[in-house]
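So you can see what is in the structure, the chains are spelled out below.
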Amino acid sequence: MFRLISGVYLGWGLGANDAANIFGTGVASGVIKYRTAVILTAIFVLVGAYLEGSRGMETYGKLTDVDINSAFIASLAAAITINILTMFALPVSTSQAIVGSIIAVGLMGGGISSKILTKVLLSWVLTPIGAAVISYTLYRVFGWLLEGRIKSVRVWSLMMKVGFFCAGIYGAYTLGANNVANSTGVFVKAGMITPTAAVIIGGLSIGLGVLTFSRRVMMTIGRKITEMSDFAALIAVLGQDITVHIFTWVGVPVSTSQAIVGAVMGVGLVKSSKAVNLKVIGNIGIGWISTPAASFVITLALLMLYSVLF
Amino acid sequence: MPLFIHKKEKHIVELIKKHADQVVETVGLIRQAIDLYLDGDKEESKKYTKMAHKAEEKADIIEREVDKEMFEGAFMPSIREVLYVALDFVDKVANRAEKTGDFLTLIHPVIPDEIREDVKKMGALTYECAEKLRDCVYHLFEDVKKVYEDSVKVEFLEGEVDKYAWKVMETIFEKLDIKKFSERMMLREMVIHISSMSNKMEDASDKIDIISLKMRL
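Heads up: the protein sequence lines correspond to chains V and S, in order.
Heads up, the first sequence is in our numbering, so the first residue is 1 and it goes up one at a time.
Heads up, the second sequence is in our numbering, so the first residue is 1001 and it goes up one at a time.
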């Protein structure tokens, strides 16, 4: 069971980093207290993981065959990749790291399902694009519904607060539902734990990351998003949540960070076409390649080392 | 939590409206004090100035209460921040009014007949301007679309007060034969005091307008 440590570590890192995309705006702008935000995130990540987390695990399971040792190595390599890329301030995604590792394991073993791999790669590309389209549409629709209809600052303020609160809870739910497979998914296919145990352990690890280490990232990301208006920030978070939830139904774990970047651009597009930041898009593109490539190489290296040693 | 916030914010809104009422009352009392002074009833004018002092004090107490309650987390932080500033600017109107009354009561400037009516007109327009500022505050919580119209009216009335101030200054320095320079300067100071009230009102309405802009999508 000690091999599960790498999955737990991966989940912990995921929670520490990705909670920022959910409640970051609310916490940085002072709408929600950090303590309340992390407790709610930890709870709803677990709920989301438990209720809908198995879909992503099925996808990873179909991607290739893994045994207990390769599951451990894949998970460990993904965690190392994330640490290294974060150290160099490169764009990184847990979903993309673990897929790179699984591909390496697959190539060294029983092969890769090209159909599933295509589905996964397509989902990565569609995440920021989908988030941009969804948040653009949400902005237009809610803008049309609300424009001129709210007469009081007090009502507006209350609506925004409740909105941030609900979007945060929904975001935590979708994070758990979508990303839990990244933490413990490979161990299910290896037959080490049951899917139920995997979603609970994965959900708890992500929750632990949120509770213990998310403050700094949350404030940094949150402050960047709160440079927008309250309404735009709320729509961006909601756009991200819906996108991640859609990909949960598709069964592919995706990057919440790339979803929020796409969502922010979508909101920005309502006002100006200049909102499309090519540098940010370039960073996402680099992430699609560099993260799985790095985890692929690290997994291969660890697998070779393992075969030499044992 | 939303229900708790709802009740708290509702109370704060009532306090903010009450504060605006109190500021208008202070300006109204000073307007009366100016009129009485110009009519030669200095004792009655002094009474009104003292009443304005009390009204201003009440406004201060309400402002402190609003500050305290807002600090506990009412409204969206982005709105709370500007609301603090706007409330402070509205309060400054009462402070200016109080100082205008003090000037008349303590300095006793000699008012030539030629400027009496124009100074009275300045007082009347200033009060009208204060009423529009109150509408501005009320509409922030009742019909935010009207805030812009109100602030345009405040700006217009401030301009009108300035026109009269200019006219009075011209009379003091170019038309009247006032021997003592100190008397001219005292009259000048009085005009500046009166017009400073509407200047502050314009500043306050600008801040309130920013809050309404924050609600634009």
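These are calculated hints, taken from the structure and not from any lab test.
The model shown is predicted, which means the values in this text are computed figures rather than measured ones.
Treat the hints loosely; a few may be bogus.
Straight line, CA to CA, 35 Å or less: simulated DSBU-like cross-link-like pairs of lysine-lysine [claimed, not checked]: (1) Lys1175/S x Lys151/V; (2) Lys1167/S x Lys151/V; (3) Lys1042/S x Lys151/V; (4) Lys1146/S x Lys1054/S; (5) Lys271/V x Lys1010/S; (6) Lys33/V x Lys1179/S; (7) Lys1054/S x Lys151/V; (8) Lys1017/S x Lys151/V; (9) Lys1145/S x Lys271/V.
The hints, checked one at a time:
Straight-line distance between C-alpha atoms of Lys1175/S and Lys151/V comes to about 51 Å, which puts the hinted pair past the 35 Å bound. Proposed proximity of Lys1167/S and Lys151/V is contradicted: the alpha carbons are some 41 Å apart, above 35 Å. Of the supplied pair hints, the one linking Lys1042/S and Lys151/V is violated, its CA atoms being roughly 46 Å apart against a limit of 35 Å. With a C-alpha separation of about 31 Å, the suggested pairing of Lys1146/S with Lys1054/S holds against the 35 Å cut-off.
Between Lys271/V and Lys1010/S the alpha-carbon distance is near 33 Å, which keeps this suggested pair within the 35 Å criterion. For the hint pairing Lys33/V with Lys1179/S, the CA-to-CA distance comes to about 67 Å; that exceeds 35 Å, so the pair is violated. About 34 Å separates the Cα atoms of Lys1054/S and Lys151/V, which keeps this hinted pair within 35 Å; it holds. The hinted pair formed by Lys1017/S and Lys151/V meets the criterion: a straight-line CA distance of about 16 Å does not exceed 35 Å.
With a CA separation close to 21 Å, the supplied pair Lys1145/S and Lys271/V stays within the 35 Å bound.
Checked against the numbered hints given earlier, this structure breaks hints 1, 2, 3, 6; the rest are met.
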